[in-house]
Each structure stands twice: as C-alpha cells, then as structure tokens.
Amino acid sequence: MATSGHTAHISFEEDEGPRGAGQEENMKFGPDNYNHEERCSQGHSSASTIATIEAALSADPDIDSSAIEIRMLGPVVLLEGFITKAADRDKAISLAAMIVGWENIQDRMLSRFPRQ
1 MATSGHTAHI SFEEDEGPRG AGQEENMKFG PDNYNHEERC SQGHSSASTI ATIEAALSAD
61 PDIDSSAIEI RMLGPVVLLE GFITKAADRD KAISLAAMIV GWENIQDRML SRFPRQ
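Counted the way the numbering used here counts, the sequence shown spans residues 1 to 116.
Calculated from the structure, these hints are not laboratory results.
Just so you know, these numbers come straight off a predicted model, no measurement behind them.
Hints are supplied without guarantee of correctness; some may be wrong.
What the hints assert, rightly or not - With a straight-line cut-off of 20 Å between C-alpha atoms, the simulated EDC-like cross-links for lysine to aspartate or glutamate are:
1. K85 with D107
2. K85 with E69
3. K91 with D62
4. K91 with E69
5. K85 with E54
6. K91 with E80
7. K85 with D64
8. K91 with D60
9. K91 with E103
10. K85 with D62
11. K91 with D107
12. K85 with E103
13. K91 with E54
14. K85 with D60
Claimed, not checked - Just the calculated beta-carbon pair ranges, DEER-fashion:
15. P114 with T52: 15 to 23 Å
16. F113 with S48: 12 to 20 Å
17. A55 with D107: 14 to 22 Å
18. V76 with L110: 15 to 23 Å
19. A87 with A55: 18 to 26 Å
20. S45 with P114: 34 to 42 Å
21. T52 with R115: 32 to 40 Å
22. A86 with A55: 22 to 30 Å
23. R108 with T52: 17 to 25 Å
24. R115 with G74: 33 to 41 Å
25. T52 with A87: 17 to 25 Å
26. A47 with P114: 28 to 36 Å
27. T84 with Q106: 15 to 23 Å
28. P114 with P61: 18 to 26 Å
We put the beta carbon where it would ideally sit given N, CA and C, even for glycine.
Sequences and hints are given; from them, build the entire structure.
Take a look at the structure:
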C-alpha cells in the first residue's frame with residue numbers, strides 16, 4: 001500500500017541572545033513555518049488518521065488496496081490511486097467513512113479494470 005510521503009522541514013531563525021532556553025521559540029516546522037505546537041496538533045492527528053485508514057484497508061481481505069493512496073487536506077481524507085474492481089471503491093469509501101465520517105471523504109480513485 002502506498003503511504004503518504006511527509007518530509008519534515010526545520011529551520012532556525014537568527015536570534016540575538018544565547019542558544020538554549022529560548023531556542024524552541026525560534027524553531028519553525030514545515031514549509032508553512034508552523035511553530036511546534038501548531039505542527040504537532042496538525043501533523044500527528046493526520047498521520048494517525050492516515051495510519052488507521054491504511055490499517056483498515058490492509059486488514060480487509062475483500063479489497064485490493066495496494067494502489068490506493070490516502071492523503072489529508074485539512075479534515076478531509078482524499079482516497080487516490082487506482083482500483084481494479086468497482087466493489088473496491090465502495091469498500092474503501094465505507095471503511096474510511098467509518099473512521100472520519102462520510103462528510104470528510106473525497107473519492108479521487110480511478111478505475112483500471114483488467115482487459116478480457
């Protein structure tokens with residue numbers, strides 16, 4: 001199963017004082033320069049939600065989730081990638097909706113049915 005690739009970007013701003021106690025205030029995380037509290041509350045919940053959905057898809061023997069990628073855009077779960085059976089789409093959406101609710105699912109999966 002594909003996993004979402006998240007790269008950590010950490011930068012330090014120049015400060016006038018000695019390094020140490022105040023250093024954490026100057027650390028910025030990610031391309032949007034979130035501070036530590038903002039990044040943890042956002043990143044950790046997204047990562048755990050994605051991991052939970054991936055685990056649910058992997059555990060279900062009736063669905064081929066090997067080409068389905070899960071990403072998050074705010075509170076919305078994006079199901080992307082390819083399915084080979086129409087039933088896989090319905091099952092993937094249902095499993096993800098049990099975790100985050102129907103209103104937070106966006107289906108972007110493409111059908112790639114085998115030729116006969």
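Enumerated hints in conflict with the structure, sorted upward: When the structure is compared with the hints, numbers 12, 15, 16 turn out to be violated.
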